[in-house]
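Construct all of the structure, not just a fragment, from the sequences and the given hints.
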Amino acid sequence: MPAGTFRGDVFGLGDPGQSCPGSLEVVYEEFRLRLDDGRQFTLPTTRVTLSRGGFDGLHIIVEGQAESGENFYISLQDELFLDHLSHLGPAELRGAARDLQRQGNSTRTWAALSLYIFLGLLALAGFGLWLGFGWLVDRAVGMVPPTLEKRFGQIVVEAITSDKKKLTQGPAYDAVMKIWNRLLPAVPAGHPDTLQIHVIDDPMVNALAAPGGQIIVFTGLMKEVESAEELAGILAHELQHVLKKHPLKGIMQRAGLAVVLGTLFGDAGALAVVIREYGGKLAELSYSRDQEREADRLAVELLVRANVDPTRLPEFFRRLQSKGGNLPAAFTIISTHPGHEERDQALQAQFRTLPAATYEPIGVDWAGLKAALAGAEQAK
Amino acid sequence: MKFEIIQPGSYAMIKATLTQGEAIKAESGAMVAMHPNLDVEGKVDGGMFGALKRAVLTGESLFFQTLKANRGAGEVFIAPAVPGDVTILELNGANHFFLQKQSFLASDDAIAIEAVSQGFFKGLLSGEGMFIQKATGKGSLAISSFGSIYKISLAPGQQYIVDNSHLVAWAGTVTYDVQKASSGWFSSVTSGEGLVCKVNGPGDVWFQSRNPGAFGSWIRQFIPSKG
Chain A
22 MPAGTFRGDV
32 FGLGDPGQSC
42 PGSLEVVYEE
52 FRLRLDDGRQ
62 FTLPTTRVTL
72 SRGGFDGLHI
82 IVEGQAESGE
92 NFYISLQDEL
102 FLDHLSHLGP
112 AELRGAARDL
122 QRQGNSTRTW
132 AALSLYIFLG
142 LLALAGFGLW
152 LGFGWLVDRA
162 VGMVPPTLEK
172 RFGQIVVEAI
182 TSDKKKLTQG
192 PAYDAVMKIW
202 NRLLPAVPAG
212 HPDTLQIHVI
222 DDPMVNALAA
232 PGGQIIVFTG
242 LMKEVESAEE
252 LAGILAHELQ
262 HVLKKHPLKG
272 IMQRAGLAVV
282 LGTLFGDAGA
292 LAVVIREYGG
302 KLAELSYSRD
312 QEREADRLAV
322 ELLVRANVDP
332 TRLPEFFRRL
342 QSKGGNLPAA
352 FTIISTHPGH
362 EERDQALQAQ
372 FRTLPAATYE
382 PIGVDWAGLK
392 AALAGAEQAK
Chain B
16 MKFEIIQPGS
26 YAMIKATLTQ
36 GEAIKAESGA
46 MVAMHPNLDV
56 EGKVDGGMFG
66 ALKRAVLTGE
76 SLFFQTLKAN
86 RGAGEVFIAP
96 AVPGDVTILE
106 LNGANHFFLQ
116 KQSFLASDDA
126 IAIEAVSQGF
136 FKGLLSGEGM
146 FIQKATGKGS
156 LAISSFGSIY
166 KISLAPGQQY
176 IVDNSHLVAW
186 AGTVTYDVQK
196 ASSGWFSSVT
206 SGEGLVCKVN
216 GPGDVWFQSR
226 NPGAFGSWIR
236 QFIPSKG
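Chains as they are written, first to last, in this note's numbering: chain A, 22 to 401; chain B, 16 to 242.
Keep in mind the hints are simulated off the structure, nothing from the lab.
There's no promise every hint is true.
[What the hints assert, rightly or not] In the SDA-like style, the derived pairs of lysine to any residue whose C-alpha atoms are separated by at most 25 Å in a straight line are: (1) B/Lys116 with A/Phe139; (2) B/Lys17 with A/Pro42; (3) B/Lys116 with A/Ala133; (4) B/Lys137 with A/Phe154; (5) B/Lys166 with A/Pro42; (6) B/Lys153 with A/Asp57; (7) B/Lys116 with A/Trp131; (8) B/Lys166 with A/Gly74; (9) B/Lys116 with A/Thr128; (10) B/Lys137 with A/Asn126; (11) A/Lys186 with A/Lys302; (12) A/Lys302 with A/Arg129; (13) B/Lys166 with A/Asp57; (14) B/Lys153 with A/Arg55; (15) B/Lys137 with A/Ala132; (16) A/Lys171 with A/Ser135; (17) B/Lys17 with A/Cys41; (18) B/Lys58 with B/Glu19; (19) B/Lys137 with A/Phe139; (20) B/Lys149 with A/Lys186.
[What the hints assert, rightly or not] Label-pair ranges, simulated between beta-carbon atoms: (21) B/Phe237 with A/Glu336: 57 to 65 Å; (22) A/Ser72 with B/Tyr165: 26 to 34 Å; (23) A/Ala146 with B/Ile21: 38 to 46 Å; (24) B/His50 with A/Gly116: 57 to 65 Å; (25) A/Trp156 with B/Ile103: 31 to 39 Å.
Ideal placement from N, C-alpha and C gives every residue a C-beta, glycine not left out.
This is the structure in structure tokens:
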């Protein structure tokens, strides 16, 4: 293409809206228009106006009448056209060309700026949502009526324990109930849930909290702890998860924004679906480190109020830690309770603030209990 | 390369005939059937940044599929995901088109498809989304619609009203403004139209006979709630 010639989209011939590609050549006092189909026209520069147009406002629009009488609307996108006009074009168009150059720069700057502003606002909204999501979850959990939360708890317990044997008597059950009855009077009054513990005959080494005041403890865990006080520490910790509604918060956090907002606006239907579908996975739910630290701190306070030695709380986890990664898959308690070392340090610091005291033993022959559990296991 | 529309109408399909060495790109997952001389592969079109921009901003797939006649001539059949018509646009190097974000179906491999912003208010109110696609280059471009597709050609300065969410594609020379359907807000809302797009020529505008959002609302009433 010769210098001073620019490609464009030409309207004005044939059907309205139909364009034809062509080239516009700037000769000193006229534009020579050559369409790709071979037709040629001459537009005197005195009959031409320049403007910006097009969807993005960056097209250069040349409108004018040819010597032969046809009216043309030519859309160009080559900024060199304006550069050429402003330096070498006819005097009457040089000023207009410079104005359009400035206008184009301003449009481009504003378009880039508005894109960056939009992306910035989007990032800000995302960050705000990330920061505020925990707050929204807390508010949404507050909107779930206690009766509904209790029903959710029953669904979760049923999903986790339906294929397992639930103990209602025997040495394991009696031992758990003895610990439970020591802890319950120390629970602060005023919580809306009826607290309930389920003892499940299963090798899983874990204890977990479910919504609506439900706690599940597996006999697999009882075989691994060394004293009633150790198990009391773990149950006190799970009790705090229950009292602080961590299970429901954990489910909601994983269910996502739509469920949280739905619950917040009084529609717990989506939450019910999530609990029904995924309630059985609660045994794999791990809490945040903040929630674990909070449960530890409040568990120590509960144990002190119950006159149970709180220093035994971290012993079970410390012993598991010392075994490193050589733990069987049944030890799910490790994966659902992260950050042991950090939590241990925080607990030791809390123990140093406690006044010296002599705590009343719970009084369970734990070695005898473990032997009974082992015997029952062999008998199966 | 030659595009041909097979069975135009609600279930239209494109037949692309390629000579050896030619390639086309198509929407991810759009290939229906093809000659064994052709190979299909996923391609991050326009570089990783361009593809990411298109995927993030328009919600389209990160990948296009490239269909190339590596072992001789052959044809490939391509169809959109939703029921609707298909039409072919020609790019001559001097013109370009804007497409609403789900309209792209297939094109010559040399045609560039990029995501562009159409501005905050237009994006919010037009029903076409904050970001649309811009097709530039030289060759054929196949676009798809939801329902049938119709073209209007506007002379310079000529205007037309299109309901929002019905625009499919428009020439780069066409501009539009979003405005109330009636002179007052009350009658705009009660008329059932609310906001409309006033398009200004010159250039061609393609619109679709069905509104995907309205169809979604209609069908939702028949889906039983699980809660």
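Status of the hints after comparison with the structure:
In summary, the hint linking lysine 116 of chain B to phenylalanine 139 of chain A is supported, as the alpha carbons are separated by about 18 Å, within the 25 Å threshold. Of the supplied pair hints, the one linking lysine 17 of chain B and proline 42 of chain A holds, its CA atoms being roughly 21 Å apart against a limit of 25 Å. Taking the CA atoms of lysine 116 of chain B and alanine 133 of chain A, the gap is near 20 Å; set against the 25 Å cutoff, the hint holds. For the suggested pair lysine 137 of chain B and phenylalanine 154 of chain A, the alpha carbons sit about 30 Å apart, so the restraint of at most 25 Å is broken.
Taken as a hint, the lysine 166 of chain B and proline 42 of chain A pair is honoured in the structure, with Cα atoms around 20 Å apart against an allowance of 25 Å. This hinted pair checks out: lysine 153 of chain B and aspartate 57 of chain A have alpha carbons roughly 14 Å apart, not beyond 25 Å. Restraint check for lysine 116 of chain B and tryptophan 131 of chain A: satisfied, since their Cα atoms lie roughly 23 Å apart, inside the 25 Å limit. With a C-alpha separation of about 21 Å, the suggested pair lysine 166 of chain B and glycine 74 of chain A falls inside the 25 Å cut-off, and the hint holds.
This hinted pair checks out: lysine 116 of chain B and threonine 128 of chain A have alpha carbons roughly 23 Å apart, not beyond 25 Å. Taking the CA atoms of lysine 137 of chain B and asparagine 126 of chain A, the gap is near 21 Å; set against the 25 Å cutoff, the hint holds. Taking the CA atoms of lysine 186 of chain A and lysine 302 of chain A, the gap is about 18 Å. The hint holds against a cut of 25 Å. For the suggested pair lysine 302 of chain A and arginine 129 of chain A, the alpha carbons sit about 53 Å apart, so the restraint of at most 25 Å is broken.
Simply put, lysine 166 of chain B and aspartate 57 of chain A have alpha-carbon atoms about 24 Å apart, close enough for the 25 Å limit, and the pair holds. About 19 Å separates the Cα atoms of lysine 153 of chain B and arginine 55 of chain A, which keeps this hinted pair within 25 Å; it holds. Restraint check for lysine 137 of chain B and alanine 132 of chain A: the C-alpha separation of about 13 Å stays at or below 25 Å, so the hint holds. Taken as a hint, the lysine 171 of chain A and serine 135 of chain A pair is broken in the structure, with Cα atoms around 50 Å apart against an allowance of 25 Å.
The hinted pair formed by lysine 17 of chain B and cysteine 41 of chain A meets the criterion: a straight-line CA distance of about 21 Å does not exceed 25 Å. Annotation: proposed proximity of lysine 58 of chain B to glutamate 19 of chain B holds, straight-line Cα distance about 24 Å (limit 25 Å). Of the supplied pair hints, the one linking lysine 137 of chain B and phenylalanine 139 of chain A holds, its CA atoms being roughly 13 Å apart against a limit of 25 Å. At most 25 Å may separate the alpha-carbon atoms for a hinted pair to count; lysine 149 of chain B and lysine 186 of chain A exceed this at roughly 64 Å.
One distance hint, 57 to 65 Å for the beta-carbon pair phenylalanine 237 of chain B and glutamate 336 of chain A, holds here, with the actual separation near 59 Å. In this structure the hint that serine 72 of chain A and tyrosine 165 of chain B lie 26 to 34 Å apart at CB holds, the actual value being about 30 Å. Take alanine 146 of chain A and isoleucine 21 of chain B: their Cβ atoms lie about 44 Å apart, and the range 38 to 46 Å holds. At about 59 Å, the CB distance of histidine 50 of chain B to glycine 116 of chain A agrees with the hint of 57 to 65 Å.
For tryptophan 156 of chain A paired with isoleucine 103 of chain B, a C-beta distance near 52 Å fails the hint of 31 to 39 Å.
Checked against the numbered hints given earlier, this structure breaks hints 4, 12, 16, 20, 25; the rest are met.
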